[in-house]
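Chains as they are written, first to last, in the working numbering: chain A, 31 to 375; chain B, 31 to 375; chain C, 31 to 375; chain D, 31 to 375.
Worth flagging that the hints you see were computed from the coordinates, not collected in a lab. Heads up, a few of these hints could be off.
Note: identical chains are not told apart, hence a pair may lie in one copy or across any two.
[Said to hold, decoys possible] Heads up, simulated DSS-like pairs for lysine-lysine below, C-alpha to C-alpha not over 27 Å straight-line:
#1 K80 with K306
#2 K345 with K80
#3 K355 with K345
#4 K306 with K100
#5 K355 with K306
#6 K345 with K100
#7 K80 with K232
#8 K232 with K100
#9 K345 with K232
#10 K306 with K345
#11 K100 with K355
#12 K355 with K80
A quick note: this is a predicted structure, and the numbers were derived from the prediction, not measured.
4 protein chains.
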Amino acid sequence: MIVVMSVQATAREVSDVIARIRAMGYDVHISEGKERTIIGVIGRGRPIDKEQIALMDGVVQVMSVTHPYKIASREYHPDDTLVPLNGIEVGGPNLAIIAGPCSVESREQILETAHAVKEAGATALRGGAFKPRTSPYSFQGLGEEGLVYLAEAREATGLPVVTEVMDPQLVPLVGQYADVFQIGARNMQNYALLHAVGESQKPVLLKRGMSSTIEELLMAAEYILSHGNMRVMLCERGIRTFETHTRNTFDINAVPALKHLTHLPVIADPSHAVGKWEYVESVSMAAIAAGADGIIVEVHPRPEEALSDGRQSLKPERFAALVEKLRHLAPIVGRRVPEVEAHHA
Amino acid sequence: MIVVMSVQATAREVSDVIARIRAMGYDVHISEGKERTIIGVIGRGRPIDKEQIALMDGVVQVMSVTHPYKIASREYHPDDTLVPLNGIEVGGPNLAIIAGPCSVESREQILETAHAVKEAGATALRGGAFKPRTSPYSFQGLGEEGLVYLAEAREATGLPVVTEVMDPQLVPLVGQYADVFQIGARNMQNYALLHAVGESQKPVLLKRGMSSTIEELLMAAEYILSHGNMRVMLCERGIRTFETHTRNTFDINAVPALKHLTHLPVIADPSHAVGKWEYVESVSMAAIAAGADGIIVEVHPRPEEALSDGRQSLKPERFAALVEKLRHLAPIVGRRVPEVEAHHA
Amino acid sequence: MIVVMSVQATAREVSDVIARIRAMGYDVHISEGKERTIIGVIGRGRPIDKEQIALMDGVVQVMSVTHPYKIASREYHPDDTLVPLNGIEVGGPNLAIIAGPCSVESREQILETAHAVKEAGATALRGGAFKPRTSPYSFQGLGEEGLVYLAEAREATGLPVVTEVMDPQLVPLVGQYADVFQIGARNMQNYALLHAVGESQKPVLLKRGMSSTIEELLMAAEYILSHGNMRVMLCERGIRTFETHTRNTFDINAVPALKHLTHLPVIADPSHAVGKWEYVESVSMAAIAAGADGIIVEVHPRPEEALSDGRQSLKPERFAALVEKLRHLAPIVGRRVPEVEAHHA
Amino acid sequence: MIVVMSVQATAREVSDVIARIRAMGYDVHISEGKERTIIGVIGRGRPIDKEQIALMDGVVQVMSVTHPYKIASREYHPDDTLVPLNGIEVGGPNLAIIAGPCSVESREQILETAHAVKEAGATALRGGAFKPRTSPYSFQGLGEEGLVYLAEAREATGLPVVTEVMDPQLVPLVGQYADVFQIGARNMQNYALLHAVGESQKPVLLKRGMSSTIEELLMAAEYILSHGNMRVMLCERGIRTFETHTRNTFDINAVPALKHLTHLPVIADPSHAVGKWEYVESVSMAAIAAGADGIIVEVHPRPEEALSDGRQSLKPERFAALVEKLRHLAPIVGRRVPEVEAHHA
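Please take these sequences and the hints and turn them into a complete structure.
Structure, rendered in structure tokens:
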């Protein structure tokens, strides 16, 4: 941390700042310029609040030099974290391809979709049983009944289940059925929920909030990691911008940025990012070309009948065509689409 | 709802759309233009999903004509909703002035602040016992101990307590101490939490999410209202934009817009919106001039020692000066700053 | 400027950075911490590019300590700049009230409007002769004919004319008719245009670009100031955000922020910021309550016939009611609405 | 266009709206629902302003059904527009690879860079002679001297020159040297400039404004097209969002969206979009994988000495590695990197 003193700061103000920093267990290095004094904060003391120092008399600015996250940072943990999923290690050479409907709508629907995406090459099945909906009058999901159908679909296809948990009280229940806990974008900073999944050892797919920065996403991951669960996959799903033609703006820059800043795997969700099925294939290809470790895509056998997100859902045959394209693209960036057949339950 | 068919739509496609809409219990009115057919959806049928219709063959666009929220809308409920608070009715001529520290840090700190803001003319005391913090390493609040101190401050000053609840499981506990539940910006779409406070009859201060639209704020309010609690106060606290000089951008447009769209009271939080105490007075004045029903402001006896948000906290004397200014401004817009002395406990 | 070296930086890398900074005419102050070395850049040398230093081996981060603008900053020029307009000094106690139609549509329309806004208390008349329109198929303004009508309206009412110039080649022509050059939001970074009006001595109303930061606005002002024209008024007219209910988001925070950072007057344009006439009065009141030096408002005798921006234009009687309200509000913030009658031509 | 009347609209208000629309040369189709009347506007009359109709008594909402751009739309012109550049047709199977420094800094620098990028496989050379800079104190480019050096570099390498024109007065001068006019992001809505290049027949590379929507970009293109120049290439260069880790956010969604909405070629500028050279390769790969017709990349022989944008410039060897990767990627999406050697001057 660096403290910049005002041009008008008195010697007393400078010494007060120094005394305060030392009282918190740090050393200081002082640079006395012609115009102003700059104080470098050195060592490891008690947590120090930039804002408090910023309010002291004579202080102009306080700047951080290091990241606010630790366990999530690649500096702390240079090697890629690998998260096991259906016989592959997400974050390694095999791409994770997670597919399924937005919501579980019926036993038939989820079974039909599970078989179709399995056939096409999916690594895991997604589907929501508890749905966060903007309107209280929209379909809210089947609840536990949906979880039961998901488990049945896993039984039938061998595909592990990725499903959202929205309420810390429901972590034990959802955990009985899910293979991966999904934390939705609206809950990225629901700390009680992050705490609850952090105490599990089940993999977590943590979606970036729609107006959260890359740093805030990593801080949310830090909540989970700091409670002991290291199996965190980050998910870029589009951010909110002024553009209205698409539902959100997929932040493709975030893919190389996250791979640079953290050791955690990065999954792309093109469906929510674009909101129109026509653009899902292009953005999926882009994400893998940019270095993502996998995708999560909405697939529905009859999108025009979907109870949610039909507009952005691929039909199974379009999803199969996408996987085929990814199969060709992956080797160009040192990856491969896994042959999941071998890992059948 | 209006369905615009493509120029190339076939008669069969048009009749399929019509059949589907009728099957959901609606009438249609058809406008056959030279270039394209437009279908108006009339009456009240089962909830209908725009997206599903948008995916039918031959459909170009589906447009809503009405708001997605009902109970929150002024069309549904033309008269202002008044929320009782310390002897005034928020939403009426008396302005609500809610003040206190970001966090309860100690018994002494909250008592000292409560007396100071009471003295200056506050209507209610704010203070966080459970704190949502971006970093797991930052101060997370005193928890129940903080609630106990808040209750003691109420006892001592007569000021009702506004405090945040972050977890649906803690609604009963927080409800034992709080007079108003605050829902923080990060939790505006935490539906389990909205559900829980919706089942209470205690007033709720619902903060707009930092990247939520006005419509989404009203939909979140609708969740609470639809569970039976009508005592909802909306809070504009700044939205996330590209500007970095201030912490957020206070959406002053939202004040007249909300007063126009809904009957619920609107409270302004200038402290979080600007992030620098120097600008808090100007933005408070602006909010009241624009028609807000009150403000919620961070006040700390020694901001430079605050464990959170010190940079944006007013000292008690600056807060007193602000109340004095509001006392002069209020009559210009048909309001008044209440004399709270009379309502002492 | 402060240069933070990497933990791994070698002594050679540190000395290379120091040598380079010294070669540009600066002194350095070096703070050697246990973990890393920090280099403070002192004095006034040749312009130095942060990015170049940031790319040198061993450098982690380069941080600025001072503002990039100079003449525009309040540190450089602590006293308020006052810009003469129709007998008042904008930036002083008298509020500037600039009103008129978006576009000059006809001789009758501009004369009728000029008389109406004069009557209601306006300080100056606005009206566009050259219109920047998103679509090449929209009305582009009357061009020089419009300027002639504006001059006639000035003749008839004594109101000075504020009108936009879009093209550096047209500065001499527009300057023959205008009393104030308006630079539109889309042209805030049209440097050839800023250069051209900077060489005039006529006042300039510089609108903030719809996605420009406060700092960028001040840098654009610096272009004009650095060419010798000190009569610059800044105009906050709303920024682009994710909110769609209003046309833009009026950045009320920018009012106190600009008054703090610069000595130039600040004018509010609520019409473009909200895009709906219903909200113009509230946001005008807010801007003045927050410390703005005046407003620029769209007024049209028959908004439903306006060739542009009718949706956000006030009718003359609503404008008169707004001025009346401002007359009551102004003294609360130490201002007054000038009695313009005395300055009749 | 569709006009939605209020539930309370009187028969007289409805007939007034109809009369007005007819007076402008349109037919109407009327849908009288139980609750409200909806009026469809049919045919091709005089340009009609939504806002004017929206202000008529009894009108609730006016909605567009068609795009505001015509010549730029794929509906108008279903076949891809191909723009000739150095023997290839941009928009066809050959990818355009445009590379060079941000600014021309010296004769040696541009010649060295031109040879290096030619060697690596570039299709054209970029370089700025007139530079739009946020600060009046930053390097503003070499002006005409820079154009002379660019022409010399073309002579030496056979690479056509892409360079920015910022001022309509300079279009003839820049046109003497440039093969492609670049319109910078800050000038996307500089209509005098769009008009001037629209009257030329030289290809134009039109950069999306940093906070312009896809629709606004197409409207800006429409200005050029409507003046007779069909050789327009669109350039996505990142939009302004709340994210600060990268300079801008590359809008990858815009790539498939533009290919869907328009027939014009789409070029990606990853350098400005990310602002850090480390991420340029990933975002370049992503753009081509998503369907872009080419890239424009900043390359500098010694980025740490660059007078502008050094932080985001690739060294020649990294650029060569990128082209090599694109050579492998291109066939996966039905493209190829052209062998430019054959087209040597």
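(message) For K355 and K306, with the copy left unspecified, which applies at a CA distance of at most 27 Å: within, between, both, or neither?
(response) within (19 Å within a copy, 29 Å between copies)
(request) With 27 Å as the alpha-carbon cut-off, assign the pair K80 and K232 to within, between, both or neither. (result) neither (35 Å within a copy, 36 Å between copies)
(message) If the cut is 27 Å between Cα atoms, do K345 and K232 qualify within a copy, between copies, both or neither?
(response) Neither: 30 Å inside a chain and 44 Å across chains, both beyond 27 Å.
(request) With 27 Å as the alpha-carbon cut-off, assign the pair K80 and K306 to within, between, both or neither. (result) Between. Shortest inter-copy distance 13 Å satisfies the 27 Å Cα cut-off; intra-copy 43 Å does not.
(request) Since the copies are identical, ignore which copy is meant and state whether K355 and K80 lie within 27 Å (CA to CA) inside a copy, between copies, both or neither. (result) neither (49 Å within a copy, 31 Å between copies)
(message) One pair to classify: K345 and K100, alpha carbons no more than 27 Å apart. Within, between, both, or neither?
(response) Close neither inside one copy (41 Å) nor across copies (32 Å); limit 27 Å.
(request) Using 27 Å as the alpha carbon limit, work out where K306 and K100 are close: within a copy, between copies, both or neither. (result) Answer is between; shortest inter-copy Cα gap is 23 Å, intra-copy 37 Å.
(request) Measure nothing new, just compare the shortest in-copy and cross-copy C-alpha distances for K100 and K355 to 27 Å and report within, between, both or neither. (result) neither (37 Å within a copy, 34 Å between copies)
(request) Since the copies are identical, ignore which copy is meant and state whether K232 and K100 lie within 27 Å (CA to CA) inside a copy, between copies, both or neither. (result) Only inside one copy: K232 and K100 sit 21 Å apart there, 40 Å across copies, limit 27 Å.
(request) Can you give me the call for K345 and K80, within, between, both or neither, at a CA distance of at most 27 Å? (result) between (51 Å within a copy, 19 Å between copies)
(message) Treating 27 Å as the Cα threshold, decide for K306 and K345: within, between, both or neither.
(response) within (12 Å within a copy, 38 Å between copies)
(message) When Cα atoms must be at most 27 Å apart, do K355 and K345 count as within-copy, between-copy, both, or neither?
(response) within (16 Å within a copy, 32 Å between copies)
Checked against the numbered hints above, the structure breaks hints 6, 7, 9, 11, 12 and satisfies the rest.
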